[in-house]
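Residue numbers (numbering that gives the first Met the number 0), protein chains in the order written: chain A, 0 to 352; chain S, 0 to 352.
It should be emphasised that the hints constitute simulated quantities derived from the structure, not laboratory data. Any given hint could be a false lead.
Identical copies look the same in the list; a pair holds intra-copy or inter-copy alike.
In the DSS-like style, the derived pairs of lysine-lysine whose C-alpha atoms are separated by at most 27 Å in a straight line are [claimed, not checked]:
| no. | residue 1 | residue 2 |
| --- | --- | --- |
| 1 | Lys60 | Lys261 |
| 2 | Lys49 | Lys261 |
| 3 | Lys271 | Lys181 |
Remember, predicted model here, so these are calculated numbers, not experimental data.
Protein chains: 2
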Amino acid sequence: MNLQGYSVIDCDLHNEVASLATLYPYLPDHWVDYCNESAFTGPDANDYPKNAPITARPGSKPAQGSPGSDLPLLRQQALDSVDWRVETGILNCAYRVASVHNPDLAAALATAVNQWQVEHWLEKEPRLRASIVVPSQTPQRAAQEIERWGDHPGFVQVVLPVRSDAPYGNLRYDPIYAAAAKHDLVIGIHYGGAPGHPSTAVGWAVSYLEEYAGMASVFQSQVMSLIIEGVFDRFPTLRVTLIEGGFTWMPSLMWRIDKEWKGLRHNTPWVKHLPSEYMREHIRLTTQPIDGPTEAGYLRQIIEQMDSEEMLMFASDYPHWQYDRPEEALPVPLEEGVLQKILAENARTFYHL
Amino acid sequence: MNLQGYSVIDCDLHNEVASLATLYPYLPDHWVDYCNESAFTGPDANDYPKNAPITARPGSKPAQGSPGSDLPLLRQQALDSVDWRVETGILNCAYRVASVHNPDLAAALATAVNQWQVEHWLEKEPRLRASIVVPSQTPQRAAQEIERWGDHPGFVQVVLPVRSDAPYGNLRYDPIYAAAAKHDLVIGIHYGGAPGHPSTAVGWAVSYLEEYAGMASVFQSQVMSLIIEGVFDRFPTLRVTLIEGGFTWMPSLMWRIDKEWKGLRHNTPWVKHLPSEYMREHIRLTTQPIDGPTEAGYLRQIIEQMDSEEMLMFASDYPHWQYDRPEEALPVPLEEGVLQKILAENARTFYHL
Numbered sequence: 000m001n002l003q004g005y006s007v008i009d010c011d012l013h014n015e016v017a018s019l020a021t022l023y024p025y026l027p028d029h030w031v032d033y034c035n036e037s038a039f040t041g042p043d044a045n046d047y048p049k050n051a052p053i054t055a056r057p058g059s060k061p062a063q064g065s066p067g068s069d070l071p072l073l074r075q076q077a078l079d080s081v082d083w084r085v086e087t088g089i090l091n092c093a094y095r096v097a098s099v100h101n102p103d104l105a106a107a108l109a110t111a112v113n114q115w116q117v118e119h120w121l122e123k124e125p126r127l128r129a130s131i132v133v134p135s136q137t138p139q140r141a142a143q144e145i146e147r148w149g150d151h152p153g154f155v156q157v158v159l160p161v162r163s164d165a166p167y168g169n170l171r172y173d174p175i176y177a178a179a180a181k182h183d184l185v186i187g188i189h190y191g192g193a194p195g196h197p198s199t200a201v202g203w204a205v206s207y208l209e210e211y212a213g214m215a216s217v218f219q220s221q222v223m224s225l226i227i228e229g230v231f232d233r234f235p236t237l238r239v240t241l242i243e244g245g246f247t248w249m250p251s252l253m254w255r256i257d258k259e260w261k262g263l264r265h266n267t268p269w270v271k272h273l274p275s276e277y278m279r280e281h282i283r284l285t286t287q288p289i290d291g292p293t294e295a296g297y298l299r300q301i302i303e304q305m306d307s308e309e310m311l312m313f314a315s316d317y318p319h320w321q322y323d324r325p326e327e328a329l330p331v332p333l334e335e336g337v338l339q340k341i342l343a344e345n346a347r348t349f350y351h352l
Numbered sequence: 000m001n002l003q004g005y006s007v008i009d010c011d012l013h014n015e016v017a018s019l020a021t022l023y024p025y026l027p028d029h030w031v032d033y034c035n036e037s038a039f040t041g042p043d044a045n046d047y048p049k050n051a052p053i054t055a056r057p058g059s060k061p062a063q064g065s066p067g068s069d070l071p072l073l074r075q076q077a078l079d080s081v082d083w084r085v086e087t088g089i090l091n092c093a094y095r096v097a098s099v100h101n102p103d104l105a106a107a108l109a110t111a112v113n114q115w116q117v118e119h120w121l122e123k124e125p126r127l128r129a130s131i132v133v134p135s136q137t138p139q140r141a142a143q144e145i146e147r148w149g150d151h152p153g154f155v156q157v158v159l160p161v162r163s164d165a166p167y168g169n170l171r172y173d174p175i176y177a178a179a180a181k182h183d184l185v186i187g188i189h190y191g192g193a194p195g196h197p198s199t200a201v202g203w204a205v206s207y208l209e210e211y212a213g214m215a216s217v218f219q220s221q222v223m224s225l226i227i228e229g230v231f232d233r234f235p236t237l238r239v240t241l242i243e244g245g246f247t248w249m250p251s252l253m254w255r256i257d258k259e260w261k262g263l264r265h266n267t268p269w270v271k272h273l274p275s276e277y278m279r280e281h282i283r284l285t286t287q288p289i290d291g292p293t294e295a296g297y298l299r300q301i302i303e304q305m306d307s308e309e310m311l312m313f314a315s316d317y318p319h320w321q322y323d324r325p326e327e328a329l330p331v332p333l334e335e336g337v338l339q340k341i342l343a344e345n346a347r348t349f350y351h352l
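Given these sequences and hints, build the entire structure.
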């Protein structure tokens, strides 16, 4: 639908570290030497390969560097958008420190990325908020990184890749959640990650189509783990946003887990409420990419089945390319109240903006 | 709803190998000696631990052996059911030969189980059909096993555990599909399995609740793999039934995979149709366990969203315990035509009964 004139909080913008050299000013000499000596080029996953036409929105590549690496261009295309009026944009930097196997280098890279985010993004554009990049494979280091930046008003979130070493409900991650809760930060679980595990529970997929579409299953595993392993009981103020994982699978997961919890809850006595109640209270999902129901009415049914108008939050996923026309960013006609919730109010409440 | 008087094809009954000794008459002497010497008790996963009240339907344990191990009792409770009129019941024996690491022993156990199924179940009860148990971890052996029994009119299916060494679209499994297609057998992918991989794509779950509810995600991975890796293009007559994995997640998966296929199909040029078209043509799902939508209307919405009245097939899952009252086996009032399709017609067509 046409969103012109609407005030929007865009919950998923991607700022990109153009190259490892971008971070050299923020890295200790030792690591600069190490990177040069080893010819390490950084944990970037080549999200925007040259000459690949559909990885990023047309025109989003600046003269120098990859899409999302240039603030003036991002400002012009994503914040000063003519398609809607952006009140706040939340940056999720996908620099993959969680896949660096040297824990000291991973921690140093995270600090460098966050310093770079402060200097080059947050201090230059008041509409932006950002997500703290952390070495989540070493939770105590991740917690230190959160402590380092947690009081900076520009950071509203800690971003974790959905693919992880262990399910995120695992006790080992508690230091991350403790630090996030202390600083009132949302945990943003984002598409991607390369922990070493295969991308499915039955081994490696063979094509990107399978991996991409299959990521929704990984999100489901993480939601179940967070709830069943008691994260929200240990950290009752913690909030989690699921980013770029779709959302039409949510009602089915709610029904299934609620039903089985009734029969098996004696094994997880700390889970005191229906799992779907934890979901509605603690979890939000961004709208891009929409899973593409064949009928507009089906998307409305999904929202109804979730039994909540508060769970969805608008995202453009800039500079990724998920829709051809701005109207497709939210393809369903919605009544005014629900629309405003999805476009801005839900995020304003959830992120305490 | 009340199903009394309705003719039913029950697509999921479990016959149980009471103990390894049950199979000794059908095992070569070498393997009997080996089992005795090594104190191996078989690959049974202890589905029905003694004194655990909710693993099986009350009253389904015979005087000797575990629930499902006694034909007269299964006949009385599942086939001569007073809750509905069973026309045909399809046995899915869950004897876990796919988790036996010695490939020769696994193959010998499969042959023994199938011989036992013929003599003790199929030859004694004409309403029963059965599923060939195969050592799927060694596909050429599995194909030999299918060849051995494929012309027996009692076998209508090859049963595979949903958790596998590799996604089932992988080329390594082609011998299984070739043999099944040759003998006009359905591939039944059933809840469970123990291939060694963790039960989620992000590592081990910590409770049975998490593993059980999470199995739906594993089914999703297998559906994607089968379609995207081209199994139905290589074997255009192959049919697959998904058993005990729920089904309310199906519309979301259809939408997601169709959408992403449109953008990425050039990487998998053998997938010539919309993935959802393959699903509607080649895949069916059994009704137990129902994922438990909170409103009857939501289940009707799911059937509508699948855009097919042919995909669901009734199952009781006897002797497992998925519902307290028979009316809950299919909790939604459905119009006569759809009801008859789900209860019997869809299975009659799909299994060529």
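Hint check:
For the identical chains of this complex, lysine 60 and lysine 261 are inter-copy neighbours only, at 24 Å across copies versus 51 Å inside a copy, given an alpha-carbon limit of 27 Å. In this assembly of identical chains, the alpha carbons of lysine 49 and lysine 261 lie at most 27 Å apart only when taken from different copies (22 Å versus 51 Å within one copy). Taking identical chains as interchangeable, the C-alpha atoms of lysine 271 and lysine 181 lie at most 27 Å apart only when both belong to the same chain, with a minimum of 23 Å there against 52 Å between chains.
When held up to the earlier numbered hints, the structure conflicts with none and fits them all.
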